[in-house]
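Colleague: Sequence:
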Amino acid sequence: YCRLMLILFQPWSIHMGLREGGQMWNESFEEFACTASKDVLNVMDNMQILHECKDS
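Each residue of the sequence shown is one higher than the one before, counting from 1 in UniProt numbering.
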């Protein structure tokens, strides 16, 4: 989940731009979530809700 959300919403040109060397995906995502706009966070929440609805 963390990797996919970073790929979709964090600007990057090479995959090394998504996280620091040795950093876990969830750590990088937590850093991104602290600086992401409210609109981006709302879209991510809505995507998660849609996913949960499809699972049920």
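Think of the hints as simulated: they come from the structure by calculation, not from any bench.
Every residue, glycine too, gets a C-beta built ideally from N, C-alpha and C.
It is possible that part of the hints are untrue.
Cβ pair distances, simulated, as ranges [unchecked claim]: (1) Gly17 to Asp55: 12 to 20 Å; (2) Arg3 to Leu50: 16 to 24 Å; (3) Ile7 to Ile49: 18 to 26 Å; (4) Asp55 to Ile7: 18 to 26 Å; (5) Val43 to Gln23: 30 to 38 Å; (6) Glu52 to Gly22: 15 to 23 Å; (7) Arg3 to Asp55: 17 to 25 Å.
Colleague: With reference to the structure, classify each hint as holding or not holding.
Modeller: Cross-check of the supplied hints:
Checked against the hint of 12 to 20 Å, the C-beta distance between Gly17 and Asp55 comes to roughly 31 Å, which is inconsistent with it. A hinted range of 16 to 24 Å holds for the C-beta pair Arg3 and Leu50, which are about 18 Å apart. Against the hinted window of 18 to 26 Å, the Cβ-Cβ separation of Ile7 and Ile49 comes to about 20 Å, which satisfies the hint. Evaluation of the 18 to 26 Å hint for Asp55 and Ile7 yields a pass: the beta carbon distance comes to about 21 Å.
For the pair Val43 and Gln23, the supplied restraint of 30 to 38 Å is violated, since their beta-carbon distance comes to about 24 Å. Here the CB-CB span from Glu52 to Gly22 is close to 32 Å, at odds with the stated 15 to 23 Å. A hinted range of 17 to 25 Å for the beta carbons of Arg3 and Asp55 is consistent with their spacing of about 19 Å.
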